[in-house]
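Combine both chains into one complex, guided by the hints.
One letter stands for each residue in the lines below.
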Amino acid sequence: MSQPILETKSVSKVFGGLVAVDKVDLKIEAGKITAIIGPNGAGKTTLFNLITGVYPASDGEIFFQGKPLKNIPAHKRVALGIARTFQNVLLFGNMTVLENIMTGQHPRSHYGFLGAALRLPRAHREEETIYLNAMKYLNMVGLGAYAEQNALSLPLGQQKLLAIARAMATEPQLLLLDEPGAGLNLLEKRELSDLIHRIREMGTTVVLVEHDMPLVMGIAEWVIVLDSGQKIAEGTAAQVQKDERVISAYLGEEVE
Amino acid sequence: MLARIKSKWTYLVSAALLVFLILIPFDWFLGHYTTLMIFIGISTMVTVGLCLLMGYTGQVSLGQAAFYGIGAYFSAVLSKTYGVNPWLAMLIAAAATGAFAYVIGYPIFRLRGNYLAMATLGLGLIIWILFRQLSQFTGGPDGMAGIPFLSVGGFVFDTSFKRYFLVWFFCLAILFISQNIVRSRTGRALRAIHGSEAAAESVGIDVTRFKVKIFVLSAVYASLAGSLLVHHLRFVSPQPFDFLASIKFVVMAVIGGLASIWGAIFGAGATRILSDELMFRFGEWDVVIYGLILMLVMIFMPEGLFVRLRQLLERWRLRHTWREAEP
Numbered sequence: 001m002s003q004p005i006l007e008t009k010s011v012s013k014v015f016g017g018l019v020a021v022d023k024v025d026l027k028i029e030a031g032k033i034t035a036i037i038g039p040n041g042a043g044k045t046t047l048f049n050l051i052t053g054v055y056p057a058s059d060g061e062i063f064f065q066g067k068p069l070k071n072i073p074a075h076k077r078v079a080l081g082i083a084r085t086f087q088n089v090l091l092f093g094n095m096t097v098l099e100n101i102m103t104g105q106h107p108r109s110h111y112g113f114l115g116a117a118l119r120l121p122r123a124h125r126e127e128e129t130i131y132l133n134a135m136k137y138l139n140m141v142g143l144g145a146y147a148e149q150n151a152l153s154l155p156l157g158q159q160k161l162l163a164i165a166r167a168m169a170t171e172p173q174l175l176l177l178d179e180p181g182a183g184l185n186l187l188e189k190r191e192l193s194d195l196i197h198r199i200r201e202m203g204t205t206v207v208l209v210e211h212d213m214p215l216v217m218g219i220a221e222w223v224i225v226l227d228s229g230q231k232i233a234e235g236t237a238a239q240v241q242k243d244e245r246v247i248s249a250y251l252g253e254e255v256e
Numbered sequence: 001m002l003a004r005i006k007s008k009w010t011y012l013v014s015a016a017l018l019v020f021l022i023l024i025p026f027d028w029f030l031g032h033y034t035t036l037m038i039f040i041g042i043s044t045m046v047t048v049g050l051c052l053l054m055g056y057t058g059q060v061s062l063g064q065a066a067f068y069g070i071g072a073y074f075s076a077v078l079s080k081t082y083g084v085n086p087w088l089a090m091l092i093a094a095a096a097t098g099a100f101a102y103v104i105g106y107p108i109f110r111l112r113g114n115y116l117a118m119a120t121l122g123l124g125l126i127i128w129i130l131f132r133q134l135s136q137f138t139g140g141p142d143g144m145a146g147i148p149f150l151s152v153g154g155f156v157f158d159t160s161f162k163r164y165f166l167v168w169f170f171c172l173a174i175l176f177i178s179q180n181i182v183r184s185r186t187g188r189a190l191r192a193i194h195g196s197e198a199a200a201e202s203v204g205i206d207v208t209r210f211k212v213k214i215f216v217l218s219a220v221y222a223s224l225a226g227s228l229l230v231h232h233l234r235f236v237s238p239q240p241f242d243f244l245a246s247i248k249f250v251v252m253a254v255i256g257g258l259a260s261i262w263g264a265i266f267g268a269g270a271t272r273i274l275s276d277e278l279m280f281r282f283g284e285w286d287v288v289i290y291g292l293i294l295m296l297v298m299i300f301m302p303e304g305l306f307v308r309l310r311q312l313l314e315r316w317r318l319r320h321t322w323r324e325a326e327p
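So the sequence lines, in the order shown, correspond to chains G and B.
Going by the working numbering, the final residue of the first sequence carries number 256, and the count climbs one at a time with no gaps.
Going by the working numbering, the final residue of the second sequence carries number 327, and the count climbs one at a time with no gaps.
Hints are computed from structural coordinates only; laboratory data are not their basis.
Backbone N, C-alpha and C define an ideal beta-carbon position, used for all residues, glycine too.
Worth double-checking, as some hints may not be accurate.
[Stated by the list, open to error] Label pairs and their computed distance ranges (CB to CB): (1) G/G203 <-> B/W87: 50 to 60 Å; (2) G/L132 <-> B/S14: 47 to 57 Å; (3) G/R119 <-> B/T81: 53 to 63 Å; (4) B/S14 <-> G/L186: 50 to 60 Å.
Next up, chain B with everything else stripped away, as it sits in the complex (with noise of 0.2 Å):
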């Protein structure tokens, strides 16, 4: 009975949100929130693959943000310099990003806590030297610009307007995937190792090898991220890809509720307009700032912030239902 009332309000809710998500570019409407959108849409990508890896498979990434920046330097080198196709290139780029996960998957998943939390961090700050000292083909820290729009067939995503859709088409799609990779055979093994590994050996999950391929599924989604960015913005630099942005993933995915799919989209949507609002008035003391809500979130809403409004509306929403069942 409970199962069915909250299934049909799911749905009415996921029906009303997707309209408004649809009319959100619209002049008439929230045009003017666009761009925002589209950054909010693409942050929201990569905040999924952590929440798959460190809500639900217990994981800790702080260098995220080298995924993110692999496969945004891919696409804009692959496309721009070698005129690649920005299509062909966006899927270069992300089985490159997907291998490189890979290989260095099975030597740091032998680390654990802290120590994987170090290990990423240092993975991080390796790359985004990279992405300035490769200046021949990156640019060095002044970037690049004339990236071409993507295209399909003769229409160009040439506007916000277009690319809105275009970035929310894969957000969507990411999210829709996430979710079903959650509520399976697999999902379930990605919960048991965060339950106990030991457990999850004992029932014949080979706890490496899922930790590897949620990491590298985890990558590939900051890489199609990376490549969306990069056609938006028609210009790469390394400065998106940095420590800060690693971090501010991780707030993303803490906001949206480490264990949430959906969430992810309300995390990065908080952080990503704290950020741009509120954020430069604290000039670099931000870092502090995000550091703060991060230990306050974890302390105070260890389930998140999302996960946790969810969880108050539904009590309210239950006790309404109950009152209105009383003589």
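Excised from the complex, chain G in its bound form (with noise of 0.2 Å):
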């Protein structure tokens, strides 16, 4: 394997008494589309939260293309190339669809408060490529007959497809998706990994948290998975589901 695009060495995350995380080392390849899953309570989305830097790891290092993130706040590691979705979608309820893709480019884009006050050349110049690029990504995910509407007035299964189109809009090379599939009926998942199989053809790694096992066995090429904060088991699809612990973590064990 090459140089893995993420890397974690041992990342642990103690909330009081509990161990969310518990020394965690993963590899993920470039260019793939890696599912993490586990039963409730396994730590993905706290992992999730360490990678994107809501808040600071306990213990370990993540390395991001090498790079370690340690004291890289949150907002810089988006313009680094990390990009995330959230299990309750968290849409700008406040603006249009458009707008919210837009919001996305804002890592990509440095007119400030000058240029934008003062309407300068270089801010008019800018806002054009943001529209163009927000067109783009709003068309990638199908939504733009819904430019101009409020981005909550959207079904729940537009709204998980234009929290997509706004972390892509961030032009990241990784893609963190927190449940994408869950909420959606079974048309709206086949759109989904249609969309998630075109993200990675662009050239972005996907890493996804999510529970619906047909939607992970049918677009993960490496499958990793925690229980109560640890790896358990990794593979493909496959070898993961004939894995002793990982049947033993869905199903209980047997009481001896």
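Spelled out as structure tokens, the structure:
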């Protein structure tokens, strides 16, 4: 395996007395779709929050493209190329669909208060680029017809697509999707896996946390299994499905 | 199609309003209201800052009068006591107020919601007490008179008529700048923070920095307004910068519609007229009335009175257009 795009070395996170993530070592290969699965409370979302810098790790280190992420605040990690979506979607409800995606272009544009206040030519130019790029991502997820609608007026399935478009608008190398399939119907899930495939083809590495096994088995090229904060298995979907520890984590162990 | 109708309509209305605004101070028109309009212009400047801060970014400030007062006192003391050129004094005042807002911005924006409201309220009270207590500079509770007029070259702003244009020049410039900010990358970042701080961070927005920056901008607006106020009255005392003043600015912003830049004029105007024509009848009960207005507007028209009226007008106009289009 060449240099992984993301690597965690013995990363832990402790909340009070609870060990949410326990000495996890991960290597995420660039250009692939990796799924992180595990029962509720396995520490999947906590791991995402550590990678994106929502809170610092209690112990261990995280490397993105070989560079340590320690002490880099969350908003700067986005500029480095790590984007994410949330379990509870978190769209900007006070904006239109298009504006949500335009906001995603924030780290790829630079003009500030002064440029905006005085409508400097640079602001005009950048705004044009932001608009065109946003339209590109809007059409990528097939929401072109809803550009001027309020973001929260969309049904949940489309809201989730919009959240992905917003994350993609930050032009990431690594996209972290937190339960993208939750709450979607069969048709929407099919659209979603199609979209994830297209995103990978654009050269973006995708890591998803997901509960929906058929979805995971259908798209993930590598599966990592967490349980109680620890990594208990990894491999291809087929390998993981046969793993004893994975089966017992999901179904519970026999009482001896 | 709809957008084009709207922009043509907006253009016409804006042009008509501008002409109206220019004609107001002439004696044969509404000259009687010149002074009132000066106060409305000054209040609007503070209110716009509050709209950006509260309406767009979602951060409460119950101490905006502090920045208004700092600007006023810096201008007053520098230009009168130390004989500094009033324009330079105004610039120093704005820079000092901005720097002050920047310094307290970082600790204060560690707080959210009600705690932020309490902190800004406390800030307002502390600054107000300083105005009263630092009497060797500020003249204490009695205030300080004899502040010079502003002037450009040999042209002195010594009548209300002249100052009307000065104040509204500043006011419209600030409205214009704010409108540009709102419709930009920065404006989207501010609204994103209002929408969801976690999501804003996830698209690379430095949440605290933007909060502080908009706080500084609103403080500078308030400071400029304060400077214009003292050069208009030629007198300064702590009274216009007390707790009630901060509350009034919030009422103005809320009535104007928090997320509407031009609504600030309406909010400031309505509140000012209300307080001049009506409130004095209630004596010290006016605080209760302001509170009541605030509650009623927030409950029944959370988008603000101005925005609500505009929506109704829009709906009426659309219906009208539809009827005409029918065969």
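Hint check:
no.: 1; hint: G/G203 <-> B/W87: 50 to 60 Å; verdict: holds, 56 Å
no.: 2; hint: G/L132 <-> B/S14: 47 to 57 Å; verdict: violated, 29 Å
no.: 3; hint: G/R119 <-> B/T81: 53 to 63 Å; verdict: violated, 39 Å
no.: 4; hint: B/S14 <-> G/L186: 50 to 60 Å; verdict: holds, 52 Å
Of the hints listed earlier, those the structure fails to meet are numbers 2 and 3, in rising order.
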